[in-house]
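> Take a look at the letters that make up each chain.
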Amino acid sequence: MVSFIGRRLVAGIFLVIGISFVAFILTNLVPGDPAAAALGQRAIEDPGTVAAFRAKYGLDQPLWRQYAIYLGNLVRGDLGISQQTRRPVGADVAKFLPATAELALAAIVISLVVGLSLGIVAAVFRDRFLDQLIRVLSLGGVSVPTFWLALAASVVFSVKLGWLPSTGQLDPGMDRPTDITGMVLIDSLLTGNGETLTSALKHIIMPAVVLAAYTIGMITRFTRASMLEVLGNDYIRAARAKGLPERTVLFRHVLRPALVPIITVTGLALGSLLSGTVLVENIFSWPGMGQYAYKSSLALDLPAVMGVSIVIAVIYVVINLVVDILYSVIDPRIRQS
Amino acid sequence: MTTDPIIAEGLPIPPADEPATYMLSTHTQRRRGRRTGSPWRRPMAVIGVVVIAFWLLIAVLAPWLAPYDPLVQDFPRLAAPDPAHLFGTDGSGRDVLSRLMYGSRVSIPLAVLLVTLSTLVGSTMGAIAGYFGRWADGIVMRIADLVFAFPGIILAMAAAAAFGPSLRNAVLALVIVTWPSYARVVRSLILSLRESEFVSAARLMGSSARRTLLVDLRPNAAGQVLVLAALEVGNAVLLLSGLSFLGLGAQAPQAEWGAMVSDGARNFDSWWVGAFPGLAILTVVLAFNFLGDTLRDALDPRTTRALRSLP
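Protein chains in written order, with the working numbering: chain A, 1 to 337; chain B, 1001 to 1311.
Here chain A stands alone, though its shape is the one from the complex (with noise of 0.2 Å):
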């Protein structure tokens, strides 16, 4: 078992430089000069000061130089300096990630129990109107465009009804809570902040909703077949067969062999959030990595979008990891090969 995740961190490393230098091959791919991009008027007007630039931030140097720059800088923390807000892009990243992973977290929490629920319901009555309603929902929510649902959400509930706020994280004006994990709804919890959990639950319910609609159809779907497949076994007739209660087979005879595709799918579905807060942070004005990484990438600011990439790989990397721990712990046959 150890070594098995030794091998699997040791896979995750590697995964993580191949990241980094696949990220900085693509954004070097960039024809725009991201020198000219950051000064503008001036470097139109003086070479002498793109010069000075170009030095300052190591883009004369050749490719190969500037990665293993980037590469050593990476190892001690150091992403560099975002050329649009002149901060380091650890700083950014670290400002914006919370926002972003209170968001997907909301979202995984929504779908896992909306999704897991709706796809047993939809298996145990399999065929009838309970499971063809679930069906129809399912599809359309990973039909729906996820930029479309948060327009239509945002146009319906906060402009014609006025029931929620369509953007931010809190109301206009009130304080945060004390920064503990810079995550607005659990900082408030911990500290016991009624009165902005309130206003942190009424803005966050409807980007994350919007954003599960496509993993919550995802997870229902998955949960249903691989329920239907498991039903399909011999040994679950023995089970029957030996007289066991119907509920006895569902827990323990389905559901655990069920389980081991779906922690797949929410590993996967985990990964689909995080691009797909880019969408729904747009439009919500949501303060996370997601507007940050698209407004960096449209001003050519090639720290910045290197630095997200990489973050967001770091994330992928552990939760695939968690997967496969937890799938061997699951299936120890998976151990072995």
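No wet-lab data here; the hints were simulated from the structure.
A hint or two may mislead.
Stated by the list, open to error - On the chain A side, residues computed to face chain B include the following (Cβ under 8 Å):
| no. | residue |
| --- | --- |
| 1 | I13 |
| 2 | L15 |
| 3 | I19 |
| 4 | K295 |
Said to hold, decoys possible - A partial selection of chain A residues facing chain B, derived with a Cβ cut-off under 10 Å:
| no. | residue |
| --- | --- |
| 5 | F4 |
| 6 | V121 |
| 7 | S143 |
| 8 | S154 |
| 9 | F157 |
| 10 | T198 |
| 11 | L279 |
| 12 | I283 |
| 13 | P287 |
| 14 | G290 |
| 15 | S296 |
| 16 | S297 |
| 17 | A313 |
Only a predicted model underlies this, so the values are computations on that prediction, with no experimental measurement involved.
Every residue gets a Cβ at the ideal spot worked out from N, C-alpha and C, and that includes glycine.
Could you slot chain B onto chain A? The hints should help.
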């Protein structure tokens, strides 16, 4: 289910094949389920086929069906729907209905192209990884993980910035982002099948790796891969329109659904600008998913067996 299960499932054939499979019944739980189930089941595939056919027809006939030129800005800006402009006009004074119709000529063909390309790349890589295992598996799956771990939209953003935002570059970027999911599915299918008795039997008979993969394993994996591909056409429409929504795919003034929704986001008070293109995306994606979902049941031998065994 004999020759082509896709066609057989896609058309509104009454379940005439039930008596034969009834004999193969393996367990008898939930008798009622099947009886009430079958009339509910098939309509979804039919609806899917009809809606897809509808959109294909619109795509082909758009030049004749559209009431106006999709690019002409002759009309009052942001006019609400009326008999002259059934879906109103957008922020530049263009007819929304005409743009919607022309938009189908962009989204659907490109989505199919995207899926075809990534299925080809992904299945090949996945089959190699799953069958040969060891270092081949290690290399392919690490590349897959690498691509997978890359935040997809950010990769597309980088590509769009590097090569200039265009639909073609959006498709290419999305092929790079999406092939690993096919590779993963194919790999896990091959992995679970590799140890089966029929594969051992084939190997014992002296079947080569190539032959085992193509003759024995491919038919077992093909169904699920096809279904995944069918489901993914819907997803591909979503991804492409998402990039266009961000301004990284279709460029103004091209009529594309995602770009039209983003026009709607800029004109918050005129609901019709964004609502109709969004509904267009939703119906196309939903139709492909309705079809794909039914196909999945029909083609996956294990779930099919489970369903068939219910009288």
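> Quick one, is the L15/A hint okay against chain B at 8 Å, beta carbons?
Because about 6 Å separates L15/A from the closest Cβ in chain B, which is inside the 8 Å limit, the hint holds.
> Tell me if K295/A is really an interface residue toward chain B, meaning its C-beta lies closer than 8 Å to one of theirs.
Where the cut-off is 8 Å and the nearest Cβ of chain B is about 10 Å from K295/A, the hint is violated.
> Taking 10 Å as the limit, does the beta-carbon of F4/A come near enough to a beta-carbon in chain B?
15 Å, violated
> Under the criterion of a CB-CB separation shorter than 8 Å, is I13/A in contact with chain B as hinted?
12 Å, violated
> Would the hint on P287/A be counted as holding, given a Cβ-Cβ threshold of 10 Å to chain B?
18 Å, violated
> Identify whether the interface hint at L279/A stands, where standing means a beta carbon of chain B within less than 10 Å of its own.
Holds - the Cβ of L279/A comes within 10 Å of chain B, reaching about 6 Å at its closest.
> May I ask you to test the interface hint for T198/A with respect to chain B, counting a Cβ-Cβ separation under 10 Å as satisfied?
26 Å, violated
> Please check whether V121/A passes as an interface residue: C-beta within 10 Å of a C-beta belonging to chain B.
13 Å, violated
> When the nearest CB of chain B is found for S154/A, is that gap smaller than 10 Å?
Status holds, d = 8 Å.
> Restraint: S297/A near chain B, CB-CB cut 10 Å. Satisfied or not?
4 Å, holds
> Does I19/A hold up as a contact with chain B if the rule is Cβ-Cβ below 8 Å?
Cβ of I19/A sits 6 Å from chain B, so the hint holds.
> Quick check on the hint: A313/A CB to chain B CB, less than 10 Å?
It holds, given that the least Cβ distance between A313/A and chain B is near 4 Å, below 10 Å.
The earlier numbered hints that this structure contradicts are 1, 4, 5, 6, 9, 10, 13.
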